[in-house]
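Participant: Residue numbers (the numbering used here), protein chains in the order written: chain A, 1 to 332; chain B, 1 to 332.
Everything labelled a hint here was simulated from the structure, so no lab data went into it.
Quick caveat, the model's predicted, so the values are computed rather than measured.
Please note: incorrect hints may appear among the correct ones.
Since the list gives no way to pick out one identical chain from another, each pair is judged satisfied if it fits inside one copy or across any two copies.
Only pairs whose alpha carbons sit at most 25 Å apart, straight line, appear in this in silico SDA-like list of lysine to any residue [as the list claims (entries may be wrong)]:
1. 166 with 266
2. 326 with 165
3. 136 with 272
4. 140 with 262
5. 135 with 259
Protein chains: 2
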Amino acid sequence: MEIKRPYLMFLGDAPDPLAAKTAYGVAYWRPDWCVGQLRLPGCQADLKLKDMTIAEAQGAGVKTVIVGVANRGGVFSDVWVDVLVEALERGMDLAAGLHGRLRDVPRIREAAERCGRALFDVRHPTRVFPVGNGKKRTGKRLLTVGTDVSSGKKYTALAIELEMRKRGMKADFRATGQTGVLIAGSGTAIDAVVADFISGAVETLAPDNAPDHWDVIEGQGSLFHPSYSGVTMGLIHGAQPDFLVMCHEPTRRHVRGLPHYALPTLEECIEANVWAARRTNPAAKCAGISLNTWQLSEADALRTIDEIENRLGLPTVDSVRTGTAKIVDAVV
Amino acid sequence: MEIKRPYLMFLGDAPDPLAAKTAYGVAYWRPDWCVGQLRLPGCQADLKLKDMTIAEAQGAGVKTVIVGVANRGGVFSDVWVDVLVEALERGMDLAAGLHGRLRDVPRIREAAERCGRALFDVRHPTRVFPVGNGKKRTGKRLLTVGTDVSSGKKYTALAIELEMRKRGMKADFRATGQTGVLIAGSGTAIDAVVADFISGAVETLAPDNAPDHWDVIEGQGSLFHPSYSGVTMGLIHGAQPDFLVMCHEPTRRHVRGLPHYALPTLEECIEANVWAARRTNPAAKCAGISLNTWQLSEADALRTIDEIENRLGLPTVDSVRTGTAKIVDAVV
Numbered sequence: 001m002e003i004k005r006p007y008l009m010f011l012g013d014a015p016d017p018l019a020a021k022t023a024y025g026v027a028y029w030r031p032d033w034c035v036g037q038l039r040l041p042g043c044q045a046d047l048k049l050k051d052m053t054i055a056e057a058q059g060a061g062v063k064t065v066i067v068g069v070a071n072r073g074g075v076f077s078d079v080w081v082d083v084l085v086e087a088l089e090r091g092m093d094l095a096a097g098l099h100g101r102l103r104d105v106p107r108i109r110e111a112a113e114r115c116g117r118a119l120f121d122v123r124h125p126t127r128v129f130p131v132g133n134g135k136k137r138t139g140k141r142l143l144t145v146g147t148d149v150s151s152g153k154k155y156t157a158l159a160i161e162l163e164m165r166k167r168g169m170k171a172d173f174r175a176t177g178q179t180g181v182l183i184a185g186s187g188t189a190i191d192a193v194v195a196d197f198i199s200g201a202v203e204t205l206a207p208d209n210a211p212d213h214w215d216v217i218e219g220q221g222s223l224f225h226p227s228y229s230g231v232t233m234g235l236i237h238g239a240q241p242d243f244l245v246m247c248h249e250p251t252r253r254h255v256r257g258l259p260h261y262a263l264p265t266l267e268e269c270i271e272a273n274v275w276a277a278r279r280t281n282p283a284a285k286c287a288g289i290s291l292n293t294w295q296l297s298e299a300d301a302l303r304t305i306d307e308i309e310n311r312l313g314l315p316t317v318d319s320v321r322t323g324t325a326k327i328v329d330a331v332v
Numbered sequence: 001m002e003i004k005r006p007y008l009m010f011l012g013d014a015p016d017p018l019a020a021k022t023a024y025g026v027a028y029w030r031p032d033w034c035v036g037q038l039r040l041p042g043c044q045a046d047l048k049l050k051d052m053t054i055a056e057a058q059g060a061g062v063k064t065v066i067v068g069v070a071n072r073g074g075v076f077s078d079v080w081v082d083v084l085v086e087a088l089e090r091g092m093d094l095a096a097g098l099h100g101r102l103r104d105v106p107r108i109r110e111a112a113e114r115c116g117r118a119l120f121d122v123r124h125p126t127r128v129f130p131v132g133n134g135k136k137r138t139g140k141r142l143l144t145v146g147t148d149v150s151s152g153k154k155y156t157a158l159a160i161e162l163e164m165r166k167r168g169m170k171a172d173f174r175a176t177g178q179t180g181v182l183i184a185g186s187g188t189a190i191d192a193v194v195a196d197f198i199s200g201a202v203e204t205l206a207p208d209n210a211p212d213h214w215d216v217i218e219g220q221g222s223l224f225h226p227s228y229s230g231v232t233m234g235l236i237h238g239a240q241p242d243f244l245v246m247c248h249e250p251t252r253r254h255v256r257g258l259p260h261y262a263l264p265t266l267e268e269c270i271e272a273n274v275w276a277a278r279r280t281n282p283a284a285k286c287a288g289i290s291l292n293t294w295q296l297s298e299a300d301a302l303r304t305i306d307e308i309e310n311r312l313g314l315p316t317v318d319s320v321r322t323g324t325a326k327i328v329d330a331v332v
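Bound-form chain A, shown alone (with noise of 0.2 Å):
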């Protein structure tokens, strides 16, 4: 179920860019995907695009509006329901990322049903996924960990699969979370993935593939992390790494939410996530280290760049700052 191309971003009456994190996510991996916006009035969201009805959305050859923006407390207001209901009549297919689904609005569902049009929830996956056999699959994988949640993860794997297609490689994004779905056009949610079933639907994301092909795989939480390290270890075991790129925001004092909780340090992380990428590969290694900086100075961050990798003598990159080629250079 591929999400079709290109996209209208729907940021609805976004009351800051940070409820429309989901669509600049999107615009700024995808630009050319990414064909205009529509914003309702009230939207303090702005992604640069040229702002479009959904008839002009028309006009341009949209063919999915995407839900790019969390709606307030979970619910849809009539205003978004009537520009979504507009879109499917126009014949655009709905996606969206957020806790409530699309399909379970009345109207927006009777219509996508009346118009023959499809509704992507991906936070829901719908399909069943097998339990994980742990069977050796052909082609090359990397996984981003972190030693959080919010640490780059995403952002790094994005970054390698660039890095890897600007030099002529088979890679290819594998997306675990809502944002990388809409980004990649495809994937699975993982979280939201039963239990029992989270390394078989990485298994079933990443399967096999050619020798020389890359898929380079988003992580999902931290192994450190009370909340989520089940379905980090999940997500481990399932990919079957050969190289993990260990991401980390180094102005982070504790577990994010989680004040009672003191970040690992990058030692012990790499050495835990290794350990478990090895149950399913034995020749899982860390390729290196991505530090999220924003937060540092120029000197700032490029000290502590430095720093982090004369002491774990490990590529360590930011792939905003410096970009990934070093970390590209250590797995080629």
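Guided by the hints, dock chain B onto chain A, whose structure is given.
Facilitator: Chain B in isolation, oriented as in the chain A frame:
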């Protein structure tokens, strides 16, 4: 939601005792709750309980009919449905640990609604769980873990609950699998929870309690099992165990169902599980080892128990042959 007692055990037309293993587990651990069994023609299972019709069960005060048998191909035959509908009409609830759901059988759902009876599909949690928060809870907790699936985790936890209660300790078995839920009358089949909520579901299952109260939590899967390690990891973090008991089947040569995976050694398995547990309870330690030696002669079993106890320096038992007193001694 507590399943009401006493139970009538419905064995259907089980082709062999293995098909009724859930029923055997409930009848073994909760003989006082099981007042009879109902077997259809051809049934090859026998719990040695009084055979009863639904009308006789009603007369005996049965509150819930337990569907303790795997249905062939996941299908409910008309004969099954006739019996189960009669039970609803005579005022009993139904509980089942099947892959298919009672409430998905139209005649059963309709009868339950008409008669105001409850349907417990214990393999399909319907409630919403919070995301785990890792906050320290009061009370004591013991979690069984294993070198593999089917290594005696449920049996050991139930045997420890029994031993603790014999000593007058406050102890509750906390069920995390479908048979366990039917034995406890409550609990959560943790492998059926959405991945993001594994640890949160366990936090809910074993909440704050009196300082001298023990939650004896049923383990699932294994950190070394490529199919289920995510469930195990989330379960360990959510349980915050003070003590782990490592369960092991000493004749097993590879991971059950995955001949391409060797079992971990007891030493590495204990180290990994204690490491994981210490993330949410820094005082966690391994209290002992519980061997499932049913495949060995009495002499070989006792020799194996001795050997492992001497090698690891930890109390080692077989829940059936020796009881769990040595482990309970170690934790008090």
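Participant: Take the hints in turn and mark each one as holding or not.
Facilitator: Against the structure, the hints:
no., hint, result
1, 166 with 266, "neither (29 Å within a copy, 47 Å between copies)"
2, 326 with 165, "within (15 Å within a copy, 60 Å between copies)"
3, 136 with 272, "both (21 Å within a copy, 23 Å between copies)"
4, 140 with 262, "between (33 Å within a copy, 23 Å between copies)"
5, 135 with 259, "between (39 Å within a copy, 10 Å between copies)"
Comparing the model with each earlier hint shows a violation of hint 1 alone; every other hint is respected.
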